[in-house]
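Undergrad: Mapping to this note's numbering: the sequence shown position 48 is 48, numbers consecutive.
Note that these hints are calculated values from the structure, not bench results.
Keep in mind that the hints are not guaranteed to be accurate.
Using 25 Å as the maximum straight-line C-alpha spacing, the simulated PhoX-like pairs for lysine-lysine come out as follows [to be verified]:
id, residue 1, residue 2
1, 76, 40
2, 118, 42
3, 121, 73
4, 76, 11
5, 33, 76
6, 118, 58
7, 65, 105
8, 118, 25
9, 76, 114
10, 42, 26
11, 101, 40
12, 101, 121
Between beta-carbon pairs, the in silico distance windows are [claimed, not checked]:
id, residue 1, residue 2, range
13, 133, 85, 18 to 26 Å
14, 5, 27, 24 to 32 Å
15, 4, 138, 36 to 44 Å
Quick reminder that beta carbons are idealized off the backbone N, C-alpha and C, glycines included.
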Amino acid sequence: MTSISFSEFRKLFPFSVVEIIVQDKKNRFLLTKRAITPYKNKWHFPGGIVERNTSLEKMVKIIAKRELNLNVKIDKFVGVYESILPERHDISHIYIVHITKGDIKLDYQSTEAKFFDKIPKNIIPLHQKMWQDVRNSL
1 MTSISFSEFR KLFPFSVVEI IVQDKKNRFL LTKRAITPYK NKWHFPGGIV ERNTSLEKMV
61 KIIAKRELNL NVKIDKFVGV YESILPERHD ISHIYIVHIT KGDIKLDYQS TEAKFFDKIP
121 KNIIPLHQKM WQDVRNSL
């Protein structure tokens, strides 16, 4: 079997990812502004690719710590969403969480973080759908 690069792999197979919706006590949702492509400078829910041999629930906690410097508790599994882009195909598992410890400190993937009570205009289209679905289910 030959070795293939990540960029070649991403063209052949979908990624399993988790997206986290951090909800505060005022029922606002935390969004971060992307610093990288795709969707650079758009608001989105933090998330990432599930690592091999790591459960979805464990990955939620890893991503919260890695991308936001937060410890979180999972409140609810929302559902599965699919995003098919020319450069990538994601199957997203969405979780609502709340902060148990930590102050927000962003990694290289985001330039800004903010809690919103209304959907901002500059949000990734699929994340707008997630927001609406979650709001309707609360």
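Undergrad: All the hints need checking, so say for each whether the structure fits it.
TA: Tested hints:
The straight-line distance between the Cα atoms of residue 76 and residue 40 is roughly 28 Å, outside the 25 Å bound, and the hint therefore fails. With a C-alpha separation of about 15 Å, the suggested pairing of residue 118 with residue 42 holds against the 25 Å cut-off. The straight-line distance between the Cα atoms of residue 121 and residue 73 is roughly 28 Å, outside the 25 Å bound, and the hint therefore fails. As the CA atoms of residue 76 and residue 11 are separated by approximately 31 Å, the hinted pair breaks the 25 Å bound.
As the CA atoms of residue 33 and residue 76 are separated by approximately 24 Å, the hinted pair is consistent with the 25 Å bound. Among the hinted pairs, residue 118 with residue 58 is inconsistent with the structure: their alpha-carbon atoms are about 29 Å apart, more than 25 Å. Between residue 65 and residue 105, the direct Cα distance comes to roughly 9 Å. Compliance with the 25 Å bound is thereby established for this hinted pair. For the given pair, residue 118 sits about 15 Å from residue 25 by alpha-carbon distance, which is consistent with the 25 Å threshold.
For the hint pairing residue 76 with residue 114, the CA-to-CA distance comes to about 21 Å; that is within 25 Å, so the pair holds. In summary, the hint linking residue 42 to residue 26 is supported, as the alpha carbons are separated by about 23 Å, within the 25 Å threshold. Between the alpha carbons of residue 101 and residue 40 the distance comes to roughly 28 Å, so the proposed pair goes past 25 Å and is violated. At roughly 30 Å between alpha-carbon atoms, residue 101 and residue 121 are farther apart than 25 Å, so this suggested pair is violated.
The supplied range of 18 to 26 Å is met by residue 133 and residue 85, whose beta-carbon atoms lie about 20 Å from each other. One distance hint, 24 to 32 Å for the beta-carbon pair residue 5 and residue 27, is violated here, with the actual separation near 43 Å. Separated by about 43 Å at the C-beta atoms, residue 4 and residue 138 satisfy the suggested range of 36 to 44 Å.
Checked against the numbered hints above, the structure violates hints 1, 3, 4, 6, 11, 12 and 14; every other hint is satisfied.
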